[in-house]
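Under this note's numbering, read the sequence shown as residues 558 to 942, first letter to last.
Just so you know, the hints here were simulated from the structure itself, not pulled from any lab data.
Hints are supplied without guarantee of correctness; some may be wrong.
Listed next, the in silico BS3-like pairs over lysine-lysine satisfying Cα-Cα at most 30 Å (straight line) [unchecked claim]:
#, residue 1, residue 2
1, K726, K864
2, K728, K826
3, K728, K747
4, K622, K809
5, K654, K679
6, K585, K859
7, K654, K728
8, K826, K726
9, K682, K654
10, K631, K682
11, K585, K726
12, K622, K826
13, K859, K622
14, K728, K780
15, K649, K679
16, K898, K864
17, K898, K909
Computed Cβ-Cβ distance ranges for the label pairs, DEER-style [stated by the list, open to error]:
#, residue 1, residue 2, range
18, P580, S942, 43 to 53 Å
19, E851, H776, 43 to 53 Å
20, T832, S781, 12 to 22 Å
21, K780, K747, 16 to 26 Å
Yeah, the Cβ is synthetic: ideal placement off N, Cα and C, and Gly gets one too.
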Amino acid sequence: QESAQTPLLQAPIQEISDPFYQPLTFTKLADNRQEVLLNASLPLAGELSLIGNQIFDGLTLFFNKVRQEDLQGKYVINLSALDDQGSGSRTKNNAKKLQSRAPLFTSFFGANSMHAVAKLIKQKKIAMFFPIESASDYRQQAFDNIIFFRPPINKELDALIQYCIQQLKRKIAIFYEASSWGEEGLQHIKKTLEKNDAITLVAHGSYQPRTVNIASAVHTIVKSDPDAIICIAQARPAYNFIRQVVNKGLHKTLFLGLSELISLQSTLKKSRGLTVITSSVTPNPSTSTLPIVEEYRNDMKKFFPNKPLLPFSLEGYINAMLFYAALNYTPAPQSPQALIKTLESFNSFNFKGLDLTYNTTTRSLSSKVWINTGTKKWIEAQPLS
């Protein structure tokens, strides 16, 4: 995925004529339901397509179910998703095309995609529902046309640090991308470990965005002989890094990464016999007994029987269900602003087993993180003590 420097983010100037404040346009269908248009730009081809297609599967799974089965409901969602191949320039072009269709967008993946539409966000030309992005850049209160499902990056990192402590790992190193996203993660870990005597940061090494030049990071981190390494990185450089440090002797090191690195679990297990621990903002899609996950599994079996149950597919499904809930809970005439206000009102709201409370600081509905151990048994992370 490309990385971009964070644009200067200033409070948007509110104009009542901006699409964010205007009532949505609905199309009345033959069965009397109202159809609303929703947009997405996702990496459906290229290096990030594994995740992009999983998100798209989750979105279309729920929206197709509504169209086919919820015949007594009021609304139908017409989703249009364009392929951006993980490119910021393609995302920007896609957003401009889709914006003329409708101002509602969902599930953009990664910081680069969000940076690509920064101008549209600042100008209140679009409303963004549940970006799959963990950095803090767009979680400021000024950006009231964005709302997140997933918690911020610090929650995922706290869960990974806590797991290291539980596994009695005393020395950790950080491999990170030298971007605003990676730097934010590194600084959070540094501050957290200053207050925790149980674990010490012994080294950190970075790579430049859009590269796989990891030699310096490999040298620095191998020399420190850490018990565990947390990767705040894209999949390809993280994969190359882990292989190289193992080749240089770190055979007993525990490797951990953010939720975006889930694809490395099976790849490195098969090729090298390595276990990679990742954070996850959803419960285990295969074993969780939460009603929303059981509903997801039933729908996957019915509509996509040949596709695997995966966290990003489940996250797309949850995002779609939340959007549909906001549409139904908001009195007419609904505007993008009104839909987000409805979601901001969630407080200890039991959403089919998910405990959702809107956080005014992070603009997210969920604060939960799970540890994906690479086995059937995942661990619900507790607050870092």
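So, going through the hints one by one against the coordinates:
{"no.": "1", "hint": "K726 <-> K864", "verdict": "violated, 37 Å"}
{"no.": "2", "hint": "K728 <-> K826", "verdict": "holds, 24 Å"}
{"no.": "3", "hint": "K728 <-> K747", "verdict": "holds, 13 Å"}
{"no.": "4", "hint": "K622 <-> K809", "verdict": "violated, 46 Å"}
{"no.": "5", "hint": "K654 <-> K679", "verdict": "holds, 18 Å"}
{"no.": "6", "hint": "K585 <-> K859", "verdict": "holds, 28 Å"}
{"no.": "7", "hint": "K654 <-> K728", "verdict": "violated, 49 Å"}
{"no.": "8", "hint": "K826 <-> K726", "verdict": "holds, 21 Å"}
{"no.": "9", "hint": "K682 <-> K654", "verdict": "holds, 13 Å"}
{"no.": "10", "hint": "K631 <-> K682", "verdict": "holds, 26 Å"}
{"no.": "11", "hint": "K585 <-> K726", "verdict": "violated, 59 Å"}
{"no.": "12", "hint": "K622 <-> K826", "verdict": "violated, 35 Å"}
{"no.": "13", "hint": "K859 <-> K622", "verdict": "holds, 10 Å"}
{"no.": "14", "hint": "K728 <-> K780", "verdict": "holds, 12 Å"}
{"no.": "15", "hint": "K649 <-> K679", "verdict": "holds, 14 Å"}
{"no.": "16", "hint": "K898 <-> K864", "verdict": "violated, 35 Å"}
{"no.": "17", "hint": "K898 <-> K909", "verdict": "holds, 20 Å"}
{"no.": "18", "hint": "P580 <-> S942: 43 to 53 Å", "verdict": "holds, 48 Å"}
{"no.": "19", "hint": "E851 <-> H776: 43 to 53 Å", "verdict": "holds, 48 Å"}
{"no.": "20", "hint": "T832 <-> S781: 12 to 22 Å", "verdict": "holds, 21 Å"}
{"no.": "21", "hint": "K780 <-> K747: 16 to 26 Å", "verdict": "holds, 19 Å"}
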